[in-house]
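Protein chains: 2
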Amino acid sequence: MSSPLVFEPIAIIHSGYKEKFGIPRQPGLAVSMTATVELLPPYNSADAVRGLEQCSHIWLLFIFSACVDKGWSPLVRPPRLGGNEKLGVFASRSPFRPNPIGLSPVKLEGIRCEGSQVFLDVSGADLLDQTPIVDIKPYLPYSDSLPQAEYDIAPQIDMLKLPVQFSATAQAALERHSNRLKQPLQQQIEEVLRCDPRPAYHKQKAQQRTYGIRLHDLNIRWEVNAQAILVSQIDINPDDDLKA
Amino acid sequence: MSSPLVFEPIAIIHSGYKEKFGIPRQPGLAVSMTATVELLPPYNSADAVRGLEQCSHIWLLFIFSACVDKGWSPLVRPPRLGGNEKLGVFASRSPFRPNPIGLSPVKLEGIRCEGSQVFLDVSGADLLDQTPIVDIKPYLPYSDSLPQAEYDIAPQIDMLKLPVQFSATAQAALERHSNRLKQPLQQQIEEVLRCDPRPAYHKQKAQQRTYGIRLHDLNIRWEVNAQAILVSQIDINPDDDLKA
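Chains A and B, in that order, give the protein sequences. Take 252 as the starting number for the first sequence in our numbering and just add one per residue. Take 252 as the starting number for the second sequence in our numbering and just add one per residue.
Simulated from the structure, these hints should not be mistaken for lab results. Incorrect hints may appear among the rest.
Same chains, same names: a pair is fine if it fits in one copy or spans any two.
Cut-off 20 Å, straight-line C-alpha distance, at most; resulting in silico cross-link-like pairs (SDA-like, lysine to any residue) [as the list claims (entries may be wrong)]: (1) K337 x I362; (2) K337 x E304; (3) K321 x P293; (4) K321 x V257; (5) K271 x S418; (6) K337 x D298.
Here the structure is a predicted model, which means the values were calculated and not measured.
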C-alpha cells in the first residue's frame, strides 16, 4: 500500500466548547454538555446509521483540527504530570501527534433524521466546536471495555472537590442565559470547572488569578481560592456578540 | 480546515495472520497469537514510546489496507448477523467504511529498542500481517472502559464449544512446526477455530466441508462436525514455500 492515506470528514461536531482552554482533558467528565454530530454529504443518510440506536455509546474518531500543521515531537509534557515530566507521544493522548487523530467514547443520546440531514445527539464529548469527525463506530463492551487495564501514570482524574459559587451578578446572568440557550448551564459550568482547567504550575503556586472559559456564546470568569471555585461574571463573548 | 487530511503509517505490524479469512472478528479473542509492531522512521525513537511500558494495554489505530480502494456503502451485512440483516456502516465495525480506519485494543507484552529499531510486542491483535498503523495510544481505563455500555446487536461472542481434535498427521506436523516457529501453535489454532471463521450460511446448513486458514507460513485444513472441530492437515503454504 504505497498510495497516500487521504481521509475526509464524514461529519462535524457542534459543541458548546468554543476554545481549547477549559475542555475536560478526557471524555465523559462533563456529562451535561451535549453536542450534536452532523453527518456531511454523501454520508448523511439514515441508512448509514441504521441500527445505531441500539448502541448506548459510540466512538468518535476525530481530527485535532486546531493542532494540524503544528507538527509533533517524540516527547510531550502532559498537563496531568505537572508539565514537567516528559512522556513519549505514543504513551500520551496529546493532540500533537504524527497523525492528529483523536479518540473519544461518548454517550449516544439520540438520532434525528430530518429530511436529508442526520444528527447524532451525544453527551460527554470533549471536542471543540466544529471538529471534523472521520469515523463513527459502535462501542462494543465485550472487546472495548477492559476494566483490568492499567496505566499508572493516569490512574484517575483529580477533580476539584471545592464547591462552585456564583456571585450575585453571575447568578442573575446564569438564569438569563440558561433560559435563552436552553442549556443546563449551571451544571455544565460546575462540571467543567471541577475538572480544573488551570495550568499545573498555577495550581501549585495557588495564585489568586481570574480565568476565563468560553462555553456556548458566553465568556465565564472564575477564580479558585482555598474555600471555593468562584464564578464572578458571565457575559456574552464580544466576538460572538459581533457575529450575532 | 479545508486542506485534505493526509496520514502516513507510523508503524507496521508483523503478525501470524496472513490472510483475512480466519482472523478473529474482534481483538482479544485469540490471546496466544502475538504480533510485533515495528515503528517506522522517523517515528522509531525510544523517546516516542517513553513511559509506554507502564501501560498494560494500548490502542492500535490502523488502516484496513486490504479494503482501501474497495469503497464503502451506507449498509453492510455483518457476518455475526448471519449475513442477511443489513446494518448502517457506522453501526458496524465493518472494514468497508468511508475512512477505512480500524481500532483495536491489544495487550502490550513488551517494548524492545534495538539500535535505531523500536518494536512493541503485543497479544490479542486481530490485524492482518503488514497492516499499516497510523497511531498508538495508551488505553486509559477510567475513560475508555465503559462496562455499562450496551449494544444489543453484539452482546457477546458465540465461540464454538466443540473440542479441537488433530488427525495423526496433523499432530505430527503440529509438533514439528511449533518447534520450528517457536510459537504455541496448538493454542493459536484452537483459539482461532473456536471463533468459527465459517461464513454464517455454512454454519446454518452444517455442511461437511474442508476449510483452510493460513497462520504464519502454514496452511491449516480443518472441518467441523457435530462432535468436534477436526484439524486434518498442517502444511507449509506453497506460496510461502516458494519464497523460502
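Here is what the structure says about each hint:
When the C-alpha separation of K337 and I362 is checked against a cutoff of 20 Å, the pair qualifies only between copies, where the shortest distance is 18 Å, while the shortest distance within a copy is 41 Å. For the identical chains of this complex, K337 and E304 are inter-copy neighbours only, at 14 Å across copies versus 41 Å inside a copy, given an alpha-carbon limit of 20 Å. In the homo-oligomer, the alpha carbons of K321 and P293 lie at most 20 Å apart only across protomers (17 Å), although the nearest pairing inside one protomer, at 30 Å, exceeds that limit. Proximity of K321 to V257 under the C-alpha cut-off of 20 Å is found in both arrangements, the shortest distances being 18 Å within a copy and 14 Å between copies.
In this homomeric assembly, K271 and S418 never come within 20 Å of each other (Cα to Cα): the closest approach is 25 Å inside a single copy and 62 Å across copies. In this assembly of identical chains, the alpha carbons of K337 and D298 lie at most 20 Å apart only when taken from different copies (9 Å versus 45 Å within one copy).
This entry does not satisfy hint 5, going by the numbered hints stated previously; all others are met.
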